[in-house]
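A.B. asks: So the chains spell out like this:
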Amino acid sequence: MVIEASGLAKDYVIHLKGKGLMGMAKSLLRSEKKVVHAVQDVNLNMEEGELVGYIGPNGAGKSTTIKMLSGILTPTKGSVRVCGIDPQKKRIQNAMNVGAVFGQKTQLWWDLPVRETFDLLRRMYNIPMERYKRNVDEFMDYLDIGAFAEQPVRQLSLGQRMRAEIAASLLHDPKVLFLDEPTIGLDVNVKVSMREFVKKINKERNVTILLTTHDLQDIEELAKRIVVINHGQVGFDGSMEELASKYADGKRSVSFTLQQDVPEITLPEKMAGHYTIEREGRQVKIRHDGHVNASDLIVALIQKYRLKDIDIRGPQIEDVVMEVYRS
Amino acid sequence: MGVKRLWFYLKLYPCLVSKSIQGTMSYKGDFFLGAGASVLMQSLGFVFLWAVFREIPEINGWSFYQMVFVYGMSAISLGLNEFLFAGSWNVGRYIREGSLDRLLLRPIGTMFSVFADDVGIHGLGSVLFGLAVCITSLCRLQVGFSVGKLLFWLVAMVCGALIFFSVNMICAALAFWVTDSQSAMILFQNTSEFCKYPITIYGRGLQILLTYIIPFGFCSYYPAGFLLDMSSKPICWLGPLVAAGTALTAAKLFWRFALGKYQSGGG
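These protein sequence lines are chains A and B, in that order. Just so we're aligned, residue 0 is where the first sequence starts under numbering that gives the first Met the number 0, counting upward by one. Just so we're aligned, residue 0 is where the second sequence starts under numbering that gives the first Met the number 0, counting upward by one.
Just to be clear, a hint being listed does not mean it is correct.
[What the hints assert, rightly or not] With a straight-line Cα cutoff of 25 angstroms, these simulated DMTMM-like cross-link-like pairs (lysine to aspartate or glutamate) come out:
(1) B/K260 - A/D85
(2) A/K202 - A/E3
(3) B/K3 - A/D110
(4) B/K18 - A/D136
(5) B/K10 - A/D110
(6) A/K104 - B/E96
(7) A/K33 - B/D179
(8) B/K10 - A/D172
In short, the hints are calculated from the structure, not lab data. Keep in mind that this is a model prediction, so the values were computed, not measured.
So that you can see chain A by itself, here it is in the shape it has in the complex:
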């Protein structure tokens, strides 16, 4: 196991400030505390080379988990091992094994050109020159960083910066990579090239990747395994297909237009109870669950009726995830 977290919990203590001048004076003397359970009892195991999509609504505890795995935060309860190391007790050793990209915060030096930032990281991580050169060349080429490598980070566009960030996080050949909303705010082109790059790194270098994102397309294209966290607890851990079959009931549909007036649409006996029909004149939408195959349904329809504009929809990941978040 590359990542082993069990019974992981993190509480935040928030000091509540009173309202107005009197309240402020009062809270100086006796501040009221509120404990927020950001993460409670999270168990997460990841094998080497796995790419896990870690999703959940805002404030669910995704970043807090990543921060505990990367040695930034000390867990209130539970144990963490990353590559067999306790990230809090041996923070520096852990830092050599992991790389991290936080979409909301930069890891780079604001005033330094990208190339100098890379050089500084080389010294910090004691990266052998040969390996460093190989990595820089590969990343610069693949992510097209060369075009802005001499510009200070503060002058880069978000897309350029994120490409530099992910390259910077991989220079020291980490075994584990944490990507916390790496595609946030990026345009479609950059998103696609980021995804391709993440895929490539995962495949070619066998880097274990934990990815959080609100863009479900990232998840669909990258993650075979999905962990859903909500209110600090893991609500689901499994494959995309399992997630869909568990939460996608009534999320599949076949829509079409009838070419003649039909009083009532009837479907084979064996499908009974697994579908509902919504109809508005000749416009028909049949919602069905996983027991009914869309192609069987269409075959059955075509035998009886003349149809056009057939539209088949599988479970939309957005709907599925919304369903999980609600539960």
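Chain A is already provided as a structure; the job is to place chain B on it using the hints.
C.D. replies: Just chain B now, kept in the frame of chain A:
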């Protein structure tokens, strides 16, 4: 920490600092103003010293130029601290903005990251002023100086800077609880004023405080006593090393404890 690791940090420090200077130098006006202001501040204190000594030729067995030497040593130590360890003033900001995350992800000590992230070039103004004052005083006093003493002087000044830094770091670490620790830092910074003069001129309580609790006495008074042949007690020549070592260890332990309380920011 092994020798190898120490060497690694010594090599890394100039790289980090030169990057930070690149940023500072782009505000050249600020730089010269800062250096000028710090020389002016030190000079004003010096004028005060001179004014007092016009009336009283000797205080507690310390002559004018001996006092000047103490004053100069404190200026050098303070200046070195300001120059090397200016980053400690940013701790509060790092915590408030959650940017300590960035430092915690690096495979290097966080205290090192904190002080190597910034440089207070204007501290060099203090150092130059202190050196000038000390050398003047040494010439006037005609104290015998040897290579050994010169080395001790260097070590003592670095120890002094480390003592200031340690106390500063402990105050800065309070930011993990109160989110803004600058007022505590300023309070202790002001305590450093006491070490501009031989601490024997203060009451007993203050002397104990400046020796055992906030050991600023070891930044100037004690080593100066040894350098000027006024005392050869171990507290004068070994004291600075012990005080610096103890203070640094205390700061390190407290810093580590404080890091465990870090809450970062957002989600």
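A.B. asks: For every hint, state whether the structure bears it out.
C.D. replies: How the hints compare with the structure:
no.: 1; hint: B/K260 - A/D85; in the structure: holds, 17 angstroms
no.: 2; hint: A/K202 - A/E3; in the structure: holds, 21 angstroms
no.: 3; hint: B/K3 - A/D110; in the structure: violated, 30 angstroms
no.: 4; hint: B/K18 - A/D136; in the structure: holds, 23 angstroms
no.: 5; hint: B/K10 - A/D110; in the structure: holds, 21 angstroms
no.: 6; hint: A/K104 - B/E96; in the structure: holds, 10 angstroms
no.: 7; hint: A/K33 - B/D179; in the structure: holds, 20 angstroms
no.: 8; hint: B/K10 - A/D172; in the structure: holds, 22 angstroms
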